[in-house]
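Chemist: Chains as they are written, first to last, in this note's numbering: chain A, 1 to 334; chain B, 335 to 657.
Any given hint could turn out to be false.
Unchecked claim - Derived lysine-lysine pairs resembling DSS-like cross-links, with alpha carbons at most 30 Å apart:
#: 1; chain 1: B; residue 1: 368; chain 2: A; residue 2: 325
#: 2; chain 1: A; residue 1: 42; chain 2: B; residue 2: 518
#: 3; chain 1: B; residue 1: 345; chain 2: B; residue 2: 518
Said to hold, decoys possible - Pulled a few chain B residues facing chain A out of the computed Cβ check, cut under 7 Å:
#: 4; residue: 422
#: 5; residue: 439
#: 6; residue: 450
#: 7; residue: 484
#: 8; residue: 518
#: 9; residue: 587
#: 10; residue: 590
#: 11; residue: 639
#: 12; residue: 641
#: 13; residue: 647
#: 14; residue: 649
#: 15; residue: 654
#: 16; residue: 655
Because the hints were derived from the structure by calculation, they are not lab data. Glycine is no exception: its CB is placed at the ideal position from the N, C-alpha and C atoms.
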Amino acid sequence: MSRKISYKDAINEALSQEMERDGSVIVLGLDVSGGSGSEGQKSDAWGGVLGVTKGLSLKYPDRIIDTPISESSYLGAAVGAAACGMRPVVELMFIDFLGVCFDQMMNQAAKFRYMFGGKAVTPVTMRTMYGGGFRAAAQHSQVLYNVPTHIPGLKVVVPSTPYDAKGLLIQSIRDNDPVVFMEHKALYAMKGEVPEESYTIPFGQANVVREGKDVTIVAIGRMVHTAGQAAASLAKAGKECEIIDPRTISPIDWDTILKSVEKTGRLVVVDEANPRCSMACDISAKVAQDAFKALKAPIRMVTAPHTPPPFSGALEDLFIPSAAKIEAAVKATM
Amino acid sequence: MSELKKEDLLKAYRTMREIRDFEERLHKEFATGKIPGFVHLYAGEEAVATGVCMHLNDEDRVASTHRGHGHCIAKGVDILGMMAEIYGKKTGSCGGKGGSMHIADLDKGMLGANGIVGAGGPLACGAALAAKFKGKGGVAVVFFGDGASNQGTILESMNLANIWNLPVIFLAENNGYAESTGVKYNVPTPNIADRAAGFNMPGVTVNGNDFFAVYEAAGEAIKRAREGGGPTLLECKTNRFYGHFEGDAMTYKAPGEVKQQREECDSLKIFAAKATASGLVTAAELEAIDKEVAALIDEAVEKAVAAPNPTEADLLTDVYVSY
Ligand SMILES: Cc1ncc(C[n+]2csc(CCOP(=O)(O)OP(=O)(O)O)c2C)c(N)n1
Ligand SMILES: [Mg+2]
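Extracted from the complex, chain B is given alone in its bound form (with noise of 0.2 Å):
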């Protein structure tokens, strides 16, 4: 924690709240049949996109999931924008034409949500090569679960990244499970990260519910990738509150599986202590902050169910630049 100032803390605790409450609120606003789609949540998970964007700038670029809320809320995407491209709406960051799975902010680094499992890896490669051109420093982030872990494309991409010496970090989160199916039947090794030593780069496990842990392991690998010193596979183990998507009954989950884990792993929970623990932050300071989060959440849908839909002249433009 040595090197977090009390703004540091304040910032990675309102970017895990932001992403929690946003999820929660989706959560129940499905359930009245209101949003349109396929929604995958990431509650349970913040710490880890928090943890790694927290040393990330807008030039960096970050390849994301079906699971990407969090990823581009921590990557700094505006909350109103991604509030109204889940309703589907004109003033959404994509202007409705994405969705939940598809939401992208190239300006903030972010290149996209993705609906293809495993699709960012090579995307990450791309963007990291770009960057080494350029030649500033910048790198480039694919977020990708235990299940995308066995996409040729992620491991194609391990390769591809280390003989090329590129600055990417192939960040997993691993959840336990690819929709019903455990990770135990999907990998045969204990930790993913261990299959970093067939590409001979550095692999890391740490615990993705801790905040600190993660944004330490992150920290590390992101410097080593801008000084040159090539990609990193960091493993980060985590769990996810809610069904793979949005009416998943989850019977494969152990009965109160996600009980226990919302008690003992919530990440939030696991920061307010032990930051507030550091003398570094009270807890009157991360209350005021829920109070403002839940604000701007409520604000998000209030405008989101406001705002115009798309209308039959948008749905031919944006194909081509020029055609």
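Next comes chain A alone, as it looks inside the complex (with noise of 0.2 Å):
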């Protein structure tokens, strides 16, 4: 296993190959194909704002589908044609604009398992983009990926490798109920080693970055790169921190995180979203009932300040939780 591919690769590769093998994928959204009714080139003009989709409109003409700038009727076409016997991947561009079509995800899709007795079938995936660091301002840089984890009958995955993101991609368009999958804007360059072969990674196992005996830190998506930096600076000063990765955050592997604290007696959460009911709450509240006579300190939580994120890069630098700033949490641990 040696070829590397980028994270973006990586997510159109496994687009490509569920395509291929079931007929039933579609996928909607913006510009997906881009072109359509143009002068110029009328297909593949796009495939997706930054491209993720590139190419695949070529090989599946009919079912790569441009939308019009109607996030409520496209994504919630794309759950009623799952609810019917389709498998669609959906892609709402900007996790920001949850706001306009939030119903058809929380209310719709949801919900229909529970409130039909159990009887309904929602296989959708609904791809977005999340997070900072573009300087894309208060409505294109949200990460909001605990908005859905709130909410039962929806599944959040939050891959933070090319090999992660393809083999969590081909479980989501497989898995039977309806998947938010965030991809992080600014990890689709990032290579990895990605298989060619068509392979699923399972939701609700977490990944154990790298290990050490001295401190937990939990980190989601992009953030799991930036715990790395800072264990890596730790472990000059003889500090041993244990990253875990959980992958999917509905459902979560609460069971690798308690036996990390529990070795470890420390946590440090990191969470690049805003601090209110988010994640680092999230998984600092599960720890400190569940592994609280291992704790040896108070848990740590390193994430946005409550603010809405901000234009200026001088800002968004300090908004974005830094390596620096995880580092700091680790030693207060200490």
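The two chains are supplied separately, each in an independent frame; assemble them into the complex guided by the hints.
Modeler: Right under this line is the structure:
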């Protein structure tokens, strides 16, 4: 296994392989092909705003479907089609646009199975882009993966590497529940080893990214890499961090997190989102409740502050959790 | 052109020139990598914002879009503040917190550029509702694109504005594209204005590259709204000269499409030809404005580059009025 491809290409490959395998997989979203109704290149003009679906409309012209800017109706249509035998992958360009179409996700997709007494199956995958670092300001930089996580009936996947992105996306498409698949915009260019063949990664299985005995760092999505930088620096000072990447936050692998804290006795949670009602709070509360006796120090959370994402780079760099802040939090637990 | 006086024509030209030069300069500066974030340029569409906003005063409200620089300039937002905002500086219109997609100046009646396509419709209805309560004849304009015309918020707002008889102008800026997707794919009627019939309001389509056509149609719609006659859907057909955002290669446009538009539909050229032909203004007067505007844009960039960044103390402020 030595082929290295980008996070973006890993997602593209997962979509392509699943569309090849299963004719009921359709992709809907803004400019996912691009060029429909234009005067120039009429298909594959964009392949999504950052080119993630590039090339797919040439392979599957009828199943890569450009949509009007009507998130409620097209995301909802994907939900409806899923409930009627299709296996749609619908792209919400930025998670921030969730505000436009939340009902179809929250009250429709998430609720069918329970409300209908276990009779409905809604295998829709809702891909979306989240996170900061692009100077994209308050309405294009939010994290928000905690929002669908709060809602029973939705599964939430937050891959941090190209390998995980491919395996988890294939799993998401094959999964029979609605899945929100969160792609960090700053990870698309990141390269990593990815097998050419199709494979799945089960939900609810955390990845122990780095083993260590002194402190457990649970980090999500892009923050796994920021935590890695902090851990490398702390290792030089003789402090061994164990980094856990939950990979899916609904369901979430509590066992791996709790076992690690029982070993290290210390917990730092790194979450790029705002702090209130966040994954950082959720994970901290679970550990405080179930592993309280193992803790040698108060749990530390490293998050964005309770403000919207700022535009100016000078502010955004302070807003996003940094390796330095993680290091300081780790030291505070010692 | 009847009611337009010489100073009106010079003002209109200055506004259009300011927008054009502001955008062309941003295009150049963006290419050098100095400008952060997503930047959507309004070049090509100047006649729309200018023709509409010439009828508005600071009490009238405008809800803008992601492509908002032109609306801001036409509504009188300070150009130095805008440029500094786009550079993310503390001296910017929003202290560097908003950037290109969120420039706002509430004192000028500019409710903000907006990163959410279609979000301006309900906001304009609210502004119009407030104006109705104040009873001073204020109006609200929501600018939205051909792409945004399909957003539920816009269609719901058209209904709301009509059943409540609100002084709103729904200003569709049809530049033929939503990102890479052509309007022919997204909109099933020949004109976006055709949808007005479904809400029982007037719907008008004009050449959005012709300031005079926009000015006249907007004038009628705004007058009707001020007098209690309710909303209008006014569609301006226009073109954008640059990519959807800076960095877009525009492969979805036909070879020569933009070149032809620049030659045949350039709103500034059309304006200059008509205005000088009227005998009210001379080419020399327009050239003098060109020089002044060029100097203003130079100053804006110089000051923006030199301005300080916001600091850590600014990060946590402005979230609430009190907390
Ligand atoms: C709710 C929402 N959906 C999608 C986007 C991404 N987006 C930004 S601009 C744009 C196209 C808008 O097209 P149009 O309304 O025609 O305006 P134009 O860009 O042509 O001025 C899209 C899809 C967004 N910002 N908000
Ligand atoms: Mg458009």
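Chemist: Would you mind marking each hint as holding or not holding in the structure?
Modeler: Evaluation of the provided hints:
no., hint, verdict
1, B:368 - A:325, "28 Å, holds"
2, A:42 - B:518, "12 Å, holds"
3, B:345 - B:518, "35 Å, violated"
4, 422, "3 Å, holds"
5, 439, "16 Å, violated"
6, 450, "6 Å, holds"
7, 484, "4 Å, holds"
8, 518, "4 Å, holds"
9, 587, "5 Å, holds"
10, 590, "10 Å, violated"
11, 639, "14 Å, violated"
12, 641, "11 Å, violated"
13, 647, "10 Å, violated"
14, 649, "5 Å, holds"
15, 654, "10 Å, violated"
16, 655, "14 Å, violated"
Violated hints, in rising order: 3, 5, 10, 11, 12, 13, 15 and 16; the structure is consistent with all others.
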